[in-house]
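Model the full assembly from the supplied sequences, consistent with the hints where possible.
Top to bottom, those sequences are chains A and B.
Offset between the first sequence (1-based) and the numbering used here: plus 84.
Offset between the second sequence (1-based) and the numbering used here: plus 1149.
Hints listed in this document are in silico derivations from the structure and should not be mistaken for laboratory results.
Do not rely on the hints blindly, as some may be mistaken.
[As the list claims (entries may be wrong)] Cβ pair distances, simulated, as ranges:
#, chain 1, residue 1, chain 2, residue 2, range
1, B, V1424, A, L264, 35 to 45 Å
2, A, P143, B, S1413, 54 to 64 Å
3, B, D1205, A, V109, 37 to 47 Å
4, A, L264, B, F1168, 51 to 61 Å
5, B, V1424, A, D127, 48 to 58 Å
6, A, I90, B, L1350, 29 to 39 Å
7, A, V186, B, S1292, 14 to 24 Å
8, B, E1409, A, F382, 30 to 40 Å
Heads up, the beta-carbon is just placed ideally off N, CA and C, and yes, glycines get one too.
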Amino acid sequence: MLAYLIRRLFQAAITIVVMAVLVFVGIYAIGNPIDVLISPEADPAEIEAAIRRLGLDQPLWRQFLLFVGNALRGDLGTSFVHNEPALRLIIERMPATLELAVAAMLISIFLGIPLGMIAGLRHDRPSGRGIMAASILGFSLPNFWQGMMLIMLFAVWAGWLPSGGRGDTVPLFGVPVSFLTLNGLQHLVLPAINLALFKTALVIRLSRAGTREVMLQDYVKFARAKGLSERRVVLVHMLKNILIPVVTVLGLEFGSVIAFAVVTETVFAWPGMGKLLIDSILNLDRPVVVAYLMLIVFVFILINLVVDIVYSLLDPRVRLSGRAE
Amino acid sequence: MSESRTLAAPVVETPFMRFARQFAESRVAVLSLFGLALVVAAALFAPWITPQDPYDLAQLDIMDGNLPPMSESFSGTTYWLGTDDQGRDMLSAIVYGIRISLAVGAGSTLAALLIGCSVGLIAAFYGGRLENFVMRVVDLQLSFPAILVALILLAVLGRGVDKVLVALIIVQWAYYARTVRGAALVERRKEYIEAVRCLALSHRRILFRHLLPNCLPPVIVVATVQVGNAIALEATLSFLGVGVPITEPSLGLLIANGYEYLLSGQYWISFFPGVALLLIIVFINLVGDQLRDVLNPRLQR
Chain A
85 MLAYLIRRLF
95 QAAITIVVMA
105 VLVFVGIYAI
115 GNPIDVLISP
125 EADPAEIEAA
135 IRRLGLDQPL
145 WRQFLLFVGN
155 ALRGDLGTSF
165 VHNEPALRLI
175 IERMPATLEL
185 AVAAMLISIF
195 LGIPLGMIAG
205 LRHDRPSGRG
215 IMAASILGFS
225 LPNFWQGMML
235 IMLFAVWAGW
245 LPSGGRGDTV
255 PLFGVPVSFL
265 TLNGLQHLVL
275 PAINLALFKT
285 ALVIRLSRAG
295 TREVMLQDYV
305 KFARAKGLSE
315 RRVVLVHMLK
325 NILIPVVTVL
335 GLEFGSVIAF
345 AVVTETVFAW
355 PGMGKLLIDS
365 ILNLDRPVVV
375 AYLMLIVFVF
385 ILINLVVDIV
395 YSLLDPRVRL
405 SGRAE
Chain B
1150 MSESRTLAAP
1160 VVETPFMRFA
1170 RQFAESRVAV
1180 LSLFGLALVV
1190 AAALFAPWIT
1200 PQDPYDLAQL
1210 DIMDGNLPPM
1220 SESFSGTTYW
1230 LGTDDQGRDM
1240 LSAIVYGIRI
1250 SLAVGAGSTL
1260 AALLIGCSVG
1270 LIAAFYGGRL
1280 ENFVMRVVDL
1290 QLSFPAILVA
1300 LILLAVLGRG
1310 VDKVLVALII
1320 VQWAYYARTV
1330 RGAALVERRK
1340 EYIEAVRCLA
1350 LSHRRILFRH
1360 LLPNCLPPVI
1370 VVATVQVGNA
1380 IALEATLSFL
1390 GVGVPITEPS
1400 LGLLIANGYE
1410 YLLSGQYWIS
1420 FFPGVALLLI
1430 IVFINLVGDQ
1440 LRDVLNPRLQ
1450 R
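Below, the structure is given as structure tokens:
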């Protein structure tokens, strides 16, 4: 286990280094770093100072070391628009995005698994087919348009829910959250559904496939032969075995939920880091874009690492077969 | 290939005929294919079938702005799907938008297919360090969601149809490289490849004339689904404001333009382009599903 852990950590470290090199090359070799990192409105003296601070007058390899050093100290530049360290801006907005992503994951689990199991158990009946047709629709609906239609139905026509923003927040362990106030919850519902829909369709497919596979297994037949109630067979014996692949895939998908939050946050004006990214791209606020990129790479590598380690704990075969693939 | 066709007696099914028959077993898939053909035809012949050229300012009348669907214009023609703020007929705008969406989606998929297949084939055929390196890059790229990669690329590249194309190609090539490599690894060990190697044919000829055709079935499935994904991704990027420029409005941009009007209840500017987008993607996905069933060697009857 320890050897596996060390090897896996080593791989993650290499990936981070590779990404840092790529980002560095992207900014410094392709574009002009002065344009990327220094505000176009800065006067010559400021530009001079920034060039010296960032070491842009030094040879390339020293620039790279400086870039890495600054990044390690958490200095990824200062936003032109907000005049604040880019990293702090992003981290301030992170709780909003995480809250949205977690809410979406919960919806997709608690909606997707039951629906998928029904579709699997009744795969040749209209209810099963209906659920599968709905899941194809869920895969095909463009996320942003679906969000706009939710706004149209529930905010503009019915007037039940607000069309955007985050609503009232209360601090929970010092982090502002929406889901503890009624107003915040009302603001959370539509974006969370919007973000959850695609993953729900995925969970439905996974748990349907799992159900169809599991229901033919001997232990399910045996449980039935033992005279257990159908309810117990489905909810205990089958569900447990369906959960493993679903949880693994969902763990891996958490990163993509955060990435797709960019779209949801833009549609619903949800003040998370995805909306910050889009605003920064449109405002040419490049330090924030660079900082977001580095941070998201780090988050992704972390998620992949955690999922791999958890998976190796669940399934010893992974550890023994050398590579985690 | 050509020999086998001339040898076949007239009663024997050609592979293509068998493929067509199996595909036609699903009525939904055939209907989807038909719908898709209609959409493509509409996009191709847009200038001749639309009631108005939506980007010829001389044909627009600001007096007709923001009319709801089915309303009549100042000059007596009917706007079936309403008009936008500049008095543009939405039906015409949608057909022109489909044109750009399809061109970007299909164009980028085709280019990514060529690049990805070549790289994947070469990697599988030569193996060794080259293969290792290529597959590491593929793994690395595919561990990030496509939308994120595309967003970052466009943040660096800037706006424009050509830049969207480049971003979509970079996002997609890795899928094909992985798919082709998987198929090629299996095919490489088969006897016909050994045979053509004994004939001392050039590597290029072995790769592209013998190995590639036999790796195509899974690639076709991936490519079909990817066209849908590419169209959806382009629409999303355009909606976010980093995609195609306003001079070339795709469906995504039309939807984005209608966003502010949606909040005041004028739903049609966003609604109908979205329906068009949804239909195209559903058609493509349904055709892709059936292709997967037909071309899957494990289900081959």
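Hint-by-hint comparison with the structure:
1. Remark: the range hint 35 to 45 Å for B:V1424 to A:L264 is upheld by a beta-carbon distance near 38 Å.
2. Judged by the Cβ atoms, the range 54 to 64 Å given for A:P143 and B:S1413 holds: they are separated by roughly 58 Å.
3. Under the hint 37 to 47 Å, the C-beta atoms of B:D1205 and A:V109, about 45 Å apart, fit the expected range.
4. For A:L264 paired with B:F1168, a C-beta distance near 58 Å keeps the hint of 51 to 61 Å intact.
5. Separated by about 52 Å at the C-beta atoms, B:V1424 and A:D127 satisfy the suggested range of 48 to 58 Å.
6. For the hinted restraint 29 to 39 Å between A:I90 and B:L1350, the CB-CB distance of approximately 47 Å leaves it violated.
7. The supplied range of 14 to 24 Å is met by A:V186 and B:S1292, whose beta-carbon atoms lie about 21 Å from each other.
8. For B:E1409 and A:F382, the Cβ-Cβ distance of about 36 Å falls inside the hinted range of 30 to 40 Å, so the restraint holds.
In this structure, the one hint that does not hold is number 6.
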